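Trainee: Starting from the known structure of chain F, arrange chain V with the ligand on it as the hints suggest.
Which chain is which? The protein sequence lines are F and V, in order. Numbers 106 to 627, taken from my numbering, label the letters of the first sequence in order. Numbers 5 to 210, taken from my numbering, label the letters of the second sequence in order.
Honestly, the hints are just simulated from the structure, not real lab data. Incorrect hints may appear among the rest.
[What the hints assert, rightly or not] With a straight-line cut-off of 27 Å between C-alpha atoms, the simulated DSS-like cross-links for lysine-lysine are:
#	chain 1	residue 1	chain 2	residue 2
1	F	LYS177	F	LYS242
2	F	LYS504	V	LYS120
3	F	LYS537	F	LYS504
4	F	LYS177	F	LYS256
5	V	LYS120	F	LYS455
6	F	LYS470	F	LYS504
7	V	LYS120	F	LYS548
8	F	LYS269	F	LYS455
9	F	LYS455	F	LYS256
[Claimed, not checked] If you want the footprint, here are the derived chain F segments under chain V, 3+ residues with CB under 8 Å:
#	segment
10	191-197
11	344-350
12	396-408
13	462-475
14	556-570
Note that this is a predicted model, so its numbers are computed, not measured. Backbone N, C-alpha and C define an ideal beta-carbon position, used for all residues, glycine too.
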Amino acid sequence: MSKQVTRREFLNLLSAAGGTAAALKAGSALGLLPHTAQAASMDLLAADPAKRKVAILGAGLSGLTVAYELSKVGYECTILESSHRPGGRIFTVRHGDLIDEIGNRQYCEFDDEPHMYFNAGAARIPSTHRNILGYCKELNIDLEIFINENKTSYVQDPALLGGKPIRNIDYTTHTRGFMAELLAKSLSAGEMDQPFTDSEAETLMSLIRSFGNLTEDNLYKGSFRAGYAAGGFLEHGVQKDIIAFRDLLKTQMGRQLLDANEGDTGPILFQAAGGMDKIIEGFTNHVGQQIRYRSMVKAVEVKDAGVDISYEQDGAEQLLQADYCFNCIPSHLMTGITNNFPSQYTEALKYIRRGTAYKAAFQAKERFWEKEDIYGGISWMNNPSSQIWYPTAGMHKQKGILLGAYDYGNGELHTAMTHEQRIEAHLTDGEKIHPNYRNQVEKPITIAWHRMNHMLGCSARWQRDRSGWSHEEEDLYHALQQPINGRHYMIGDQVSMHSAWQESAVMSAQWAMADLNQRLRA
Amino acid sequence: MFKTFLALSLFIACIGGAGAAESEREPFDDRYCTTCHGTEGRGNEGVQAPRLAGMEPWYLRRQLENFRGDIRGVHPEDREGIAMRPMATKLTDESIDDIIEWIFGWEYIPAEVTIKDGDPSRGRGLYGGCAVCHGANAEGNESLGAPALAGQNDWYLVTQLKNFLAGYRGAHPNDTYGAQMRTMVSTLRNEAGILNVVSYINTLSR
Ligand SMILES: Cc1cc2nc3c(=O)[nH]c(=O)nc-3n(C[C@H](O)[C@H](O)[C@H](O)COP(=O)(O)OP(=O)(O)OC[C@H]3O[C@@H](n4cnc5c(N)ncnc54)[C@H](O)[C@@H]3O)c2cc1C
Chain F
106 MSKQVTRREF
116 LNLLSAAGGT
126 AAALKAGSAL
136 GLLPHTAQAA
146 SMDLLAADPA
156 KRKVAILGAG
166 LSGLTVAYEL
176 SKVGYECTIL
186 ESSHRPGGRI
196 FTVRHGDLID
206 EIGNRQYCEF
216 DDEPHMYFNA
226 GAARIPSTHR
236 NILGYCKELN
246 IDLEIFINEN
256 KTSYVQDPAL
266 LGGKPIRNID
276 YTTHTRGFMA
286 ELLAKSLSAG
296 EMDQPFTDSE
306 AETLMSLIRS
316 FGNLTEDNLY
326 KGSFRAGYAA
336 GGFLEHGVQK
346 DIIAFRDLLK
356 TQMGRQLLDA
366 NEGDTGPILF
376 QAAGGMDKII
386 EGFTNHVGQQ
396 IRYRSMVKAV
406 EVKDAGVDIS
416 YEQDGAEQLL
426 QADYCFNCIP
436 SHLMTGITNN
446 FPSQYTEALK
456 YIRRGTAYKA
466 AFQAKERFWE
476 KEDIYGGISW
486 MNNPSSQIWY
496 PTAGMHKQKG
506 ILLGAYDYGN
516 GELHTAMTHE
526 QRIEAHLTDG
536 EKIHPNYRNQ
546 VEKPITIAWH
556 RMNHMLGCSA
566 RWQRDRSGWS
576 HEEEDLYHAL
586 QQPINGRHYM
596 IGDQVSMHSA
606 WQESAVMSAQ
616 WAMADLNQRL
626 RA
Chain V
5 MFKTFLALSL
15 FIACIGGAGA
25 AESEREPFDD
35 RYCTTCHGTE
45 GRGNEGVQAP
55 RLAGMEPWYL
65 RRQLENFRGD
75 IRGVHPEDRE
85 GIAMRPMATK
95 LTDESIDDII
105 EWIFGWEYIP
115 AEVTIKDGDP
125 SRGRGLYGGC
135 AVCHGANAEG
145 NESLGAPALA
155 GQNDWYLVTQ
165 LKNFLAGYRG
175 AHPNDTYGAQ
185 MRTMVSTLRN
195 EAGILNVVSY
205 INTLSR
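Just chain F, same shape as in the assembly (with noise of 0.2 Å):
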């Protein structure tokens, strides 16, 4: 290593963290943090009986949240869902299911049975993720671990010892345990030790030997944390050989390895046994009579003491007039449909973008991942398909589901492809992890999310740098998140600044709620 640690690096290092923790102090002080365990239940005023009719524009789940929670409160609402089915990006295929991907129709095959399905959008729900989770709870939805790390899944390269799949294991005890190594020599260099008093210094250090698994001598000599290469039971363990350091870095995979449990994915993760969808049914199972489905929104006018939406169901124009309009349609399907927004409104709906996200899935014959040691969990490949998902559904029975390919912020690729030459792809990535993939999987699905009916994409793209959210976009952000003449509300993740979770589109119903419930208290 040519270039060591300086001092001044270290100091920025221990007055960063300062900074952090002032950051978050002054964060919960304004309550922009959660406070409580679990969602409190919303506190809402019960309905004005000569003002309690509500429209919902689509049965997306804030969309449901908001019946859910107005129709405890004795409003009449009522919700127009273009599609044949509820729950817009909460979508659980099952056997017969139709896949309304434009231009791509299909219907699911895969065995009628119970663990034999397959999340092709939200799939994970981290447990910081509270308001939703005070839904779980609230319906009665059963909950399940969501395994996003496994360390006994693959991380396959072509860049990587000749394209030879290894397991996540042997990458991250080795990386971890080299740049340890590396970290342990810099710091006992000396000089090192002045911004730490002499407790400091030695915290520090057994911190990086056990980050590392080094010998007394701050070496990394391979770790049995990597698991055995024979015995280790009835016999003495034989650790495995050492990967190179030099062959481990020619891979760029390591992100996605050592991230698997950081930032939102970094708490616990859960999903609903049984299926995402599972949420979607809690919601319906109270206000699922009050959704009008096929019933797409072709008009939205605001007036001073209600919103008139005009919609077409069965090919027959009608008329729904409310006192309270919540909206979740996407933003950019809202602007083809005709309204009377005011400028910035429809200026902020228009700038928004999509990300394009792509899933596909088999049906795998057999579970052939389980004799590999793998239940549940993601292997990573250097390709497009991306990603392997491996299901907890139905552990040791005969089949299972498997994802295929997860592609997420470049779906476009794949969007741009036949079903059949999505297929072929993901079969000829898969079998560079499990040479016998082709043989062992079948009636596969594809959901290009760009281009499923009535969506048109994925999360919600406010920030043009992704660095951060200029002047005009905040601002843009915050108009559309105010209600029309106090009637009309947008909702959704897209109205959130932390879009693509189930967590956003719940806070955003609850914020405009809130907000509602707040002018009228007034």
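Mentor: Using the frame of chain F, we list chain V with the ligand on its own:
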């Protein structure tokens, strides 16, 4: 204002394998155009899909056939065309007939003007050559195969002119009409010319 011509069920289709449950499967049809093209095909800037309401049936058919036949929307830089092409790929002749009839029932409402930075007086001069085919009021001319431009979404006209200029549209050997148009667009020279002519078209009405 709104007319429905054919019972939707006529063109509702089912695909896929056999099975007892097939009759229970969710039906679907090919009238999905308004998801992108907006209420009654009035255009949607949010997805860059232009106005279809009021479009000449012969022109609509030609474009659908061009998209279906991989004649339009194939150039890798043609983002919007690439979004549209797969929407036509699986349409049958029967479906195209149905769609044209359906769209014909939509009321023509001129699109909202969104372009503010063009100069219509300069555009007027540039438009002189265009009028030969598209008509003095940009009302279109069926015998020359040139569609109406007046009332179309201005942002869409801009994309098309840029695409013709760059050769993203009108370059396919089987795109006879597109090729005619492509040779004409060079008179606009650059983006400023495009904005000027489109802001002039914005002043015309059919
Ligand atoms: C691939 C993928 C992975 C994801 N992963 C996760 C995850 O792991 N965890 C997580 O928490 N979140 C995840 N999300 C995000 C989560 O699914 C969304 O944030 C949330 O579901 C959005 O809810 P919403 O209320 O904004 O409504 P949406 O789901 O956007 O629903 C909008 C509704 O409006 C309807 N609609 C559209 N046009 C009309 C019209 N003209 N008339 C009437 N109705 C109309 C649509 O059919 C739809 O039902 C994921 C999303 C995707 C796509």
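Trainee: Does each hint fit the structure? Answer for all of them.
Mentor: Now for the hints, and whether the structure bears them out:
no.: 1; hint: F:LYS177 to F:LYS242; result: holds (16 Å)
no.: 2; hint: F:LYS504 to V:LYS120; result: violated (60 Å)
no.: 3; hint: F:LYS537 to F:LYS504; result: holds (21 Å)
no.: 4; hint: F:LYS177 to F:LYS256; result: violated (45 Å)
no.: 5; hint: V:LYS120 to F:LYS455; result: holds (17 Å)
no.: 6; hint: F:LYS470 to F:LYS504; result: holds (5 Å)
no.: 7; hint: V:LYS120 to F:LYS548; result: violated (52 Å)
no.: 8; hint: F:LYS269 to F:LYS455; result: violated (46 Å)
no.: 9; hint: F:LYS455 to F:LYS256; result: violated (43 Å)
no.: 10; hint: 191-197; result: violated (count 0)
no.: 11; hint: 344-350; result: violated (count 0)
no.: 12; hint: 396-408; result: holds (count 3)
no.: 13; hint: 462-475; result: violated (count 0)
no.: 14; hint: 556-570; result: holds (count 4)
Checked against the numbered hints above, the structure violates hints 2, 4, 7, 8, 9, 10, 11 and 13; every other hint is satisfied.
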